[in-house]
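> Residue numbers (this note's numbering), protein chains in the order written: chain A, 1 to 224; chain B, 225 to 468; chain C, 469 to 662.
Quick caveat, the hints were computed from the structure, so don't treat them as lab data.
Some hints could be false.
Partial pick of chain A residues on the chain C-facing surface, computed with a CB cut under 7 Å [claimed, not checked]: (1) 10; (2) 14; (3) 17; (4) 18; (5) 21; (6) 23; (7) 25; (8) 48; (9) 52.
Quick list of simulated restraints, FRET-style, between CB atoms [what the hints assert, rightly or not]: (10) 618/C to 238/B: 29 to 39 Å; (11) 387/B to 491/C: 24 to 34 Å; (12) 533/C to 66/A: 26 to 36 Å; (13) 95/A to 533/C: 45 to 55 Å.
We treat Cβ as the ideally placed atom computed from N, Cα and C, and that holds for glycine.
So you can see what is in the structure, the chains are spelled out below.
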Amino acid sequence: MGQQPSTPKITAQDRAIFQLKQQRDKLKEYQRRLTFVIDKQTNLARQALKNNQPDRAKFYLRSKKQQESTIVKTCEQLDNLEGLIGTIEFKLIEKDVIYGLEQGNKVLKKLNNEMKIEKIDKILDDLEDEKLKVDEIGDALGMGSGLSKSEEIEVDEEFEKLDQEVNGIKEQPKKDDVVVPDLPEAPQVGILPDAPRQSLEEAQKQEEEENKDKQAQTYEPIAS
Amino acid sequence: MNNNWHSDAYSKLGQSLNERHTDQLSTQLSVFQSALVNFAREHGEEIKQNSEFRNKFTQICQSVGIDPLDLLLYSGSVSKTSKSQSSKTQSDNYFISLAVRIVEVCQETRDINGGLIPLKELVSIIRENSYINIEVTESDVEKSLSTLNTLGKGYDILTIHDKKWLKFTSALGGSISNDQKKVYELCGFMGGYVTYRLLRDNYAWDKLRCKTVIDEMIMNGFLWVDSQGEGAEWQYWEPSWISS
Amino acid sequence: MTTEFTFPKIHSFPPLYTKQPNATILSNQLDSWSQIVLQYCEYYKITSMTLHGTPKVSQLDVNLESLPSLFQNKTINRTVNSDLQTSIFNHLIHKLNKAEYINPKKPDLGIYIYWRTIVEWAQLLYDFVDKSGQLGTVLTLYELTKSEDSGVPESLRNLDEALLIKVLKEVLIKQGKAQLLMTEEGEIGGVKIV
Numbered sequence: 001m002g003q004q005p006s007t008p009k010i011t012a013q014d015r016a017i018f019q020l021k022q023q024r025d026k027l028k029e030y031q032r033r034l035t036f037v038i039d040k041q042t043n044l045a046r047q048a049l050k051n052n053q054p055d056r057a058k059f060y061l062r063s064k065k066q067q068e069s070t071i072v073k074t075c076e077q078l079d080n081l082e083g084l085i086g087t088i089e090f091k092l093i094e095k096d097v098i099y100g101l102e103q104g105n106k107v108l109k110k111l112n113n114e115m116k117i118e119k120i121d122k123i124l125d126d127l128e129d130e131k132l133k134v135d136e137i138g139d140a141l142g143m144g145s146g147l148s149k150s151e152e153i154e155v156d157e158e159f160e161k162l163d164q165e166v167n168g169i170k171e172q173p174k175k176d177d178v179v180v181p182d183l184p185e186a187p188q189v190g191i192l193p194d195a196p197r198q199s200l201e202e203a204q205k206q207e208e209e210e211n212k213d214k215q216a217q218t219y220e221p222i223a224s
Numbered sequence: 225m226n227n228n229w230h231s232d233a234y235s236k237l238g239q240s241l242n243e244r245h246t247d248q249l250s251t252q253l254s255v256f257q258s259a260l261v262n263f264a265r266e267h268g269e270e271i272k273q274n275s276e277f278r279n280k281f282t283q284i285c286q287s288v289g290i291d292p293l294d295l296l297l298y299s300g301s302v303s304k305t306s307k308s309q310s311s312k313t314q315s316d317n318y319f320i321s322l323a324v325r326i327v328e329v330c331q332e333t334r335d336i337n338g339g340l341i342p343l344k345e346l347v348s349i350i351r352e353n354s355y356i357n358i359e360v361t362e363s364d365v366e367k368s369l370s371t372l373n374t375l376g377k378g379y380d381i382l383t384i385h386d387k388k389w390l391k392f393t394s395a396l397g398g399s400i401s402n403d404q405k406k407v408y409e410l411c412g413f414m415g416g417y418v419t420y421r422l423l424r425d426n427y428a429w430d431k432l433r434c435k436t437v438i439d440e441m442i443m444n445g446f447l448w449v450d451s452q453g454e455g456a457e458w459q460y461w462e463p464s465w466i467s468s
Numbered sequence: 469m470t471t472e473f474t475f476p477k478i479h480s481f482p483p484l485y486t487k488q489p490n491a492t493i494l495s496n497q498l499d500s501w502s503q504i505v506l507q508y509c510e511y512y513k514i515t516s517m518t519l520h521g522t523p524k525v526s527q528l529d530v531n532l533e534s535l536p537s538l539f540q541n542k543t544i545n546r547t548v549n550s551d552l553q554t555s556i557f558n559h560l561i562h563k564l565n566k567a568e569y570i571n572p573k574k575p576d577l578g579i580y581i582y583w584r585t586i587v588e589w590a591q592l593l594y595d596f597v598d599k600s601g602q603l604g605t606v607l608t609l610y611e612l613t614k615s616e617d618s619g620v621p622e623s624l625r626n627l628d629e630a631l632l633i634k635v636l637k638e639v640l641i642k643q644g645k646a647q648l649l650m651t652e653e654g655e656i657g658g659v660k661i662v
């Protein structure tokens, strides 16, 4: 806004159109002149008839006819010129449209290029690699905490116990409550991935022990 | 190109908004103005008596573009004919405000007429200039001039050739001489102008006397010179011809 | 144009034709004359005059010699002499900015009378080109003024080419909205308005 734009540029097409339009203007002016002459000649012919000079009148009418045919010719030429100007102007617009289409096409191609399957595959691969790296680092950091493998197992066991203690109590009322499924609790039992580290036998033993404990707990109140 | 188009569209929008705004405001203003006029008519007495009220009222008038003088004139003109005691002050006020208007017009037109104005023209100018329709008559003007003259200023009514004129002497720094009056008289008789010969034939003035009077009147703007009169005789025209 | 221009009443005031000796009155007189000149020219669409107040170019297709004369009042047998004419035009040019010498170096060529200022002319022209969707196309001066079928509005039709060029040069080109095109003979023949 504010700032003045620089003077408009005159292109080669502008010049071409300008020349054609000049030709057209000249023709139009010529036509005007001829029309004027024709009017004059009609009057002269009328005058000649009045003065009883039929030959003279005919002469005027003849030359008038000639002028008229010239006008028709110039009209045709004008037609041609106007047609040419129109075509050029239309071509210019077409050119603009084609240019617009071209630009649009380029952008589309570029966008499509960016969407190629190989590229997407590669990106996914890269993503996987990065993820692995993250895991590696995570592992490295995990080892860095200084616990041996057996220690880790012990931690896991303790965790399991605590978990049973906490969740085990919670589980009991749920058994009565049929309507509420215990699915939402599932994620809290985060020990599953660790399971393979524990041998199956051990796990069974543990379970048996726990069951005994439970039985003991439940009997106690009756005994007392 | 695109930018231009946008800024054009914005400026067009702005324009139309402005126009609408102006329209609304001017309607509101004119409504308010006419309300003020009504108010002045109904409460004219209170406005005049209560000075605080009057001040406030004048402020409002000025802020909406009504000359309080107009309102004073208007409310006064209603009661100027009534004879009751209460409207005595009102009609006094009317003539005083009219006097103010007369002085204004005299000063505005001084450049053109040199301080001499036909009473008829004066009245029509006063009527045209005021926002509200006020009935002012020539006799009103004469009455209010008497108020003015008690202040010692020289506004005089002259009757020249059956036509009443108001002479605004402070513009001249003197008074209109008898000779000048006679020139105007002859102008009225001749359809607007005098010549040396006419003055000589009618009043038997010698050339020197004609020249003194006329030169002075040209200086004061009372007369316009016309050098293309018949027989190369110079004519001296009085300018009220244009507006008559 | 069947009806003649009606001059204001002051045009029949005999002393108006004599230069007034009183300075205040004179300035009033020149104002009155300027108004008359502008109204007269607007009525007959006269865009330029000679220094003697004779119409030079008009947009109307009338015989300029048949127009009632400006500085002469035959009914009251009065004429404005050339001294007063000069004063009137000087007043129009320098005091009111409503007229301009066609060529300041050759004052005898006459003056443009601006009952419409060149900025207003430029606006009219621009509006026409804009509304007719011809911004950015090349237009010949001929089609902007003379041509019957180019849709030029009445107000622009037959506008003096010299004035048109002045309007283009002094307003639209300065605003960066126009560029001129030359003919092969080196004359200004067309314009591109954006």
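> Does residue 18/A meet its interface restraint, that is, does its C-beta lie within less than 7 Å of any C-beta in chain C?
For residue 18/A, the interface hint holds, since the closest Cβ of chain C sits about 5 Å away, which is under 7 Å.
> So, residue 25/A near chain C? Judge it on the closest CB pair being under 7 Å.
Check passed: Cβ of residue 25/A comes within 4 Å of chain C, closer than 7 Å.
> Regarding the hint that residue 52/A lies at the interface with chain C, is the smallest CB-CB distance below 7 Å?
Status violated, d = 33 Å.
> Against the range 24 to 34 Å, how does the distance between the Cβ atoms of residue 387/B and residue 491/C compare: consistent or not?
holds (28 Å)
> Given residue 10/A as an interface hint, is its Cβ closer than 7 Å to any Cβ of chain C?
Since the shortest Cβ distance to chain C is 6 Å, the answer is holds.
> Could you see if the CB distance from residue 533/C to residue 66/A stays within 26 to 36 Å?
34 Å Cβ-Cβ, so the 26 to 36 Å window holds.
> Checking hints one by one. Is residue 23/A an interface residue toward chain C, by the C-beta closer than 7 Å rule?
Where the cut-off is 7 Å and the nearest Cβ of chain C is about 10 Å from residue 23/A, the hint is violated.
> Against chain C, with CB atoms and a cut of 7 Å, does the hint on residue 21/A hold up?
Since chain C brings a Cβ to about 5 Å from residue 21/A, closer than 7 Å, the hint holds.
> Tell me if the interface restraint on residue 14/A is satisfied: Cβ within less than 7 Å of some Cβ in chain C.
holds (5 Å)
> So does residue 95/A sit 45 to 55 Å from residue 533/C, Cβ to Cβ?
Cβ of residue 95/A to Cβ of residue 533/C: about 52 Å, so the range 45 to 55 Å holds.
> Under 7 Å, Cβ to Cβ, is where residue 48/A needs to be relative to chain C, so tell me if that hint holds or is violated.
With a closest approach of 27 Å, the residue 48/A hint is violated.
> Interface hint check: residue 17/A, Cβ to nearest Cβ on chain C, cutoff 7 Å. Holds or violated?
holds (5 Å)
Hints 6, 8, 9 from the list above are not met by this structure, while the remaining hints are.
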